[in-house]
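Spelled out, the chains give:
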Amino acid sequence: MRDIFKIALLFSTIRLATPLLLASLGGLWSERSGVINIALEGLLLAGAFTAAVVTHFLHNPWLGLTAAILAGMATALVHAFVCITCKADQVVSGMAINILFLGLPALLSGAFFDSTGATPQIPKGQLLPIAPIVMAFALVPITWYVLNRTRFGLRLRAVGENPEAADTAGIRVEAVRYAGVILSGALAAIGGAYLSIGQSSLFTRNMSAGRGFIALAALIFGKWRPVQTMLACLLFGLAEAVTIQMQGVTPIPVEFIQMIPYVLTIVVLAGFIGLSRPPRALGLPYEKKR
Amino acid sequence: MKLLRQLIYPLLAVAAAFLVGSIFILLIGDDPIETYSLLIGSALSWPDGIGYTLFYATPLIFTGLAVAVAFRCGLLNIGAEGQLIAAAFATAWAGITFAGLPAWLLIPLCCLAAMGTGAVWAGVPGVLRARFGAHEVITTIMMNFIAVALASYFTQYHYKKEGDAILETVPIGESGHIARFGKFLPGFPERIPLNLAFVLALVACVLVWIFLWRTRWGYEIRATGANPAAAAYGGISTARQIILAMAVSGGLAGMVGIGEVLGYRYRYYDGFSAGYGFTGIAVALLGRNHPVGVLLAALLFGAFLRGALFVDIFTEHVSKDLVLVLQGVIILFVASEALFRGRAARLERGKV
Amino acid sequence: MIELRNITKRFGNVLANDRVSLKVEPGTIHAIVGENGAGKSTAMRIAYGFYSADDGEILVDGVAQRIASPQDAISRHIGMVHQHFMLVETMTVAENIVLGAEPGSAAALDLKGAEAQVRRLSEELGLAVDPRAPISELSVGQQQRVELLKALYRQARLLILDEPTAVLTPQEVAELFAILRRMREQGKTIVIITHKLSEVLELSDDVTVMRDGKVVGPPLKTKDTNAAELARLMVGRDVLLRVEKKPAQPGATVLEVRDLSVTAPDRTRRLDGVSFTVRAGEIVGVAGVEGNGQTELIEALAGLVPAARSGGAIRLGGDDISGLDARQRKERGIAHIPEDRHRRGLLLDFDLAENSILGVQRSRPVAVGPGGVWLDEAAIHERAERIVHDFDVRPPNIALPARSLSGGNQQKLIIGRELDLHPRLLLVAQPTRGVDIGAIEFIHRQIIALRDGGCAVLLVSAELEEVTALADRLLVLHQGKIVREVDPARTTTAEIGLLMAGGAPA
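Listed in order, the protein sequences are those of chains A, B and C. Counting along the first sequence from 1, when you hit position 160 you're at 160 in this note's numbering, and nothing is skipped either side. Counting along the second sequence from 1, when you hit position 113 you're at 113 in this note's numbering, and nothing is skipped either side. Counting along the third sequence from 1, when you hit position 164 you're at 164 in this note's numbering, and nothing is skipped either side.
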């Protein structure tokens with residue numbers, strides 16, 4: 001009996017960590033290139049909405065997932081343009097995208113489906129409950145390899161640490177950053193798709209419920225490195241899983257249990273940020289005198 | 001001339017947002033011009049339109065000022081939402097707990113509860129930033145979630161009227177009510193919830209301007225935001241300014257609770273905030289982090305909130321979420337200003 | 001090898017290069033000399049494609065070429081070692097060297113191959129560096145070698161070095177020069193940007209002098225010229241640096257420092273048990289290669305180093321002030337002209353009036369009312385106008401943002417602000433860095449006048465000529481320690497140079 005309980009908890013942890021992990025790995029690509037990505041929340045929503053709508057109309061979750069990835073990339077492109085080309089404040093741009101994607105899916109689904117912001121139910125056979133989980137965890141070693149053992153990874157790290165040095169070495173700083181941010185949109189959108197056509201079977205208003213921010217916290221906790229970030233995501237996933245299992249079992253009100261990941265994030269940030277050094281050029285647009 | 005130059009870009013950003021918005025309106029099969037005339041028209045009618053516009057603008061002035069003060073110190077307070085929720089609950093708590101007190105005592109007490117709670121809620125991330133370097137953007141977001149959870153917990157388990165299906169507290173003492181405009185403005189119906197908190201918001205604009213540009217606190221906060229190393233050189237404790245700026249910012253955000261609880265609902269109502277804290281970021285940005293700009297931007301977004309309800313009801317497909325889309329696009333355009341500015345500057349230089 | 005023809009470049013209102021033309025012959029070492037701000041670096045950054053010229057053309061091997069990016073320059077075998085090294089600190093030597101031109105396929109970096117190539121290159125020139133070491137663990141001299149290797153790895157035939165000796169000890173300079181000569185023997189062409197005449201004379205074959213964005217005088221062969229002629233061309237008149245001053249009349253001890261130590265945030269020791277005194281009416285100079293603890297010394301005295309990272313006793317007029325913060329020290333009469341005016345000294349986006357009160361924002365007459373909460377606009381304006389007038393800050397408009405002023409005028413504003421405090425002790429670092437000649441003389445006169453008025457002055461400058469000319473006593477700092485105190489009037493530059501390198505002359 002207890003073993004079943006433990007195994008259930010393990011699976012639940014992995015399921016709950018999956019969207020966080022995908023969003024975190026996405027954030028990693030953007031932030032290691034030097035662009036803060038607080039838009040993860042909006043990217044999750046963009047992915048979740050697109051996946052649900054496309055799957056609903058085309059009855060194929062793989063097409064839904066593909067469409068979600070494209071939507072995530074397009075949204076990330078906006079963030080990249082505003083941050084890299086317009087040299088805007090990156091946190092502000094990210095928040096704008098979050099607000100935009102709080103409104104846009106609701107506006108569109110309200111019109112398409114005559115609802116208050118939700119899409120219709122998708123039949124069980126057209127969901128992807130496993131594939132995104134596999135993708136998320138497979139992406140951890142892939143991310144490590146690309147970051148540390150390929151030309152693109154080396155250049156991306158250089159651009160995030162010292163863009164001027166990269167520039168003088170003949171690297172096109174802005175192009176590499178665009179690539180990093182767009183990649184982050186693709187990954188976060190897979191996370192979003194998992195929310196709507198994996199974990200559940202429809203898109204609901206604001207269904208990411210702050211996971212984008214938790215993912216960002218996990219990324220910081222994981223020191224912007226793939227394996228540590230995965231562990232941080234599993235930790236947050238575990239906290240959420242325990243929350244769910246404790247509901248009704250303990251006399252502690254559900255509100256307090258819900259707070260655990262948030263409090264944990266603050267504690268983690270306050271206690272560990274000193275040891276966690278962000279990429280040196282993070283948040284700084286590359287200003288070049290011409 | 002200088003004023004015009006300050007205004008021109010924000011106006012362009014708003015116009016561009018309308019343009020982008022109309023693409024979406026067309027996409028979902030409505031008429032943009034009709035939708036926008038509904039949006040603006042319903043916000044400018046007398047007395048209901050203007051009354052409600054000012055009513056909705058009130059919390060946005062507070063949150064806009066809150067974000068602006070933090071921004072002047074180089075901090076991004078994304079937690080105004082949580083601060084105003086915690087503060088509104090505290091206001092109601094004070095109004096319920098000390099219901100028997102006379103108005104001259106209870107109202108100031110409730111106001112203090114609002115500002116104090118907001119200040120503490122923002123002060124915690126301030127201290128975490130100043131002492132441990134924890135980035136305020138993430139910690140304030142986390143504090144938002146915590147505020148929502150705590151306020152709904154206390155409302156649900158300790159302050160709800162038994163059998164009430166709605167998640168709201170019992171009413172506050174009547175001596176804690178502040179006057180609605182209808183009470184003293186002839187011809188203005190009292191059903192419109194515009195109340196004295198709007199006057200308080202105007203006063204807050206003036207006070208924030210004095211604070212930032214006429215006191216050494218403001219000078220030290222702005223110096224810290226402009227160049228922390230130079231501020232330290234000038235004998236300024238940047239850690240203290242960070243905490244001070246966050247506390248003032250939170251106090252301002254907390255003042256939303258005054259209008260909502262003492263002037264409108266007379267109780268804490270779960271989920272009362274229509275994202276005022278987040279809209280405050282747009283308000284501050286559009287208003288260039290200056291009290292006058294914040295006031296103007298808050299009026300605009302207030303009108304949006306008012307008009308959105310009409311759009312929701314009277315158009316075929318467009319919902320009030322249109323306003324969120326407009327907000328997001330406005331922020332994106334205002335944030336991208338540097339690009340266009342640089343371009344304009346380059347063009348000017350090209351001419352000479 | 002490379003020729004610039006009528007290169008013109010503007011930054012905003014500043015004409016950085018005005019029809020600059022110069023020709024570098026293959027296989028030579030060509031020096032470009034000039035004072036700070038003369039436009040040397042700008043011209044060479046244009047040659048490297050880092051800036052784009054507004055007008056003019058570049059010829060490589062006699063053919064006009066468009067060099068629009070560093071990439072273009074690299075493909076034409078031009079390499080550049082910047083004054084501030086362009087290295088990624090978290091990455092290894094090999095990673096830095098191959099960055100942008102990586103061996104192996106796009107999907108699999110050949111880091112082993114890279115390391116081997118780096119080893120081979122470094123052996124060719126006798127430059128010992130471990131390819132696997134992270135940059136953050138290397139000394140400044142070693143980092144410079146990595147920069148050289150970076151250029152050579154890209155098969156540079158023309159190598160541009162921007163102020164390569166600024167951060168080196170005399171010994172490291174000698175080693176660098178030996179390397180450069182060896183490279184010349186191997187057929188490379190070298191352009192060296194410098195403002196030190198001795199280096200020009202020692203190393204170069206040809207020399208181009210720049211002043212105010214223009215090339216002055218005809219192309220010169222180094223062997224046909226001399227220091228006096230170059231100095232005259234550089235400055236536009238005969239004398240480079242001569243400071244008129246009376247002998248010092250030192251009074252009572254104002255500053256007494258005992259065993260002062262400072263550690264950096266990374267726990268390395270930057271200042272190690274330094275003890276000295278400064279008396280009223282004297283200027284004590286601190287000489288040393290940059291990065292040997294000068295910054296830390298001044299900041300520790302100004303109260304800008306957290307107590308947790310500093311140790312030792314600091315006494316001002318006999319009182320222990322080591323526990324006081326920056327503001328309290330300022331109130332006790334310590335003025336501070338920081339080494340980096342943009343980083344420390346100014347709020348660039350604030351207007352001159354607001355900048356003029358930085359540091360006194362809590363004192364009368366600027367701050368009034370209970371607790372000094374209110375800022376008195378009239379008093380601020382009066383103070384700002386006084387400083388702008390007395391110190392000849394131009395343009396004299398206190399409503400302008402500090403950013404809009406030239407470097408010299410920004411520095412005059414800071415000096416005016418600090419001297420307006422009527423200090424007992426002045427801490428001054430790099431007072432004339434990036435400042436035009438006219439302002440340099442003005443600033444020097446102000447410092448001497450302050451001394452003659454009975455103020456104690458502690459002066460740090462990377463310009464050896466400046467410290468020796470101004471100082472009455474000179475402390476030589478090496479690796480965080482005072483290696484000796486010398487009388488600047490009776491010590492040669494060579495002797496001081498040797499002390500700066502940690503050597504001890506007889």
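Keep in mind that the hints were calculated from the coordinates and are not lab data. All C-beta atoms, glycine included, are put in the ideal place defined by N, C-alpha and C. Heads up, some of the hints might be wrong.
[Said to hold, decoys possible] 25 Å max Cα-Cα, derived SDA-like pairs, lysine to any residue: (1) C/196 <-> C/440; (2) C/481 <-> C/308; (3) B/160 <-> A/257; (4) A/223 <-> C/481.
[Unchecked claim] Some chain C residues flagged as far from chain B (calculated, every beta-carbon gap over 10 Å): (5) 183; (6) 344; (7) 377.
[As the list claims (entries may be wrong)] Selected chain C positions facing chain A (Cβ under 10 Å, derived; list incomplete): (8) 60; (9) 104; (10) 106; (11) 276; (12) 363.
Consistency of the hints with the structure:
1. Pair hint residue 196 of chain C plus residue 440 of chain C holds up; C-alpha atoms about 17 Å apart against a cutoff of 25 Å.
2. The hinted pair formed by residue 481 of chain C and residue 308 of chain C meets the criterion: a straight-line CA distance of about 20 Å does not exceed 25 Å.
3. A C-alpha spacing of about 21 Å is found between residue 160 of chain B and residue 257 of chain A, which places the hinted pair at or below 25 Å, so the restraint holds.
4. Distance hint between residue 223 of chain A and residue 481 of chain C is unfulfilled; the C-alpha atoms sit about 37 Å from each other, more than 25 Å.
5. No beta-carbon of chain B comes within 10 Å of the beta-carbon of residue 183 of chain C; the shortest separation is about 39 Å.
6. Separation of residue 344 of chain C from chain B is inadequate, the least Cβ-Cβ distance of about 5 Å not exceeding the 10 Å criterion.
7. Against chain B, the non-interface label of residue 377 of chain C is violated: not every CB pair exceeds 10 Å, the least being about 8 Å.
8. With a least beta-carbon distance of about 16 Å to chain A, the hint placing residue 60 of chain C at the interface is violated under the 10 Å criterion.
9. Hint on residue 104 of chain C holds. Least Cβ distance to chain A is approximately 8 Å, under the 10 Å limit.
10. Annotation: interface hint on residue 106 of chain C holds; nearest CB of chain A at approximately 5 Å, less than 10 Å.
11. Given the 10 Å rule on beta carbons, the hint for residue 276 of chain C is violated: about 35 Å separates it from the nearest Cβ of chain A.
12. This hint is violated: residue 363 of chain C has a C-beta 35 Å from the nearest C-beta of chain A, more than the 10 Å allowed.
Consistency note: the structure conflicts with the earlier hints numbered 4, 6, 7, 8, 11 and 12.
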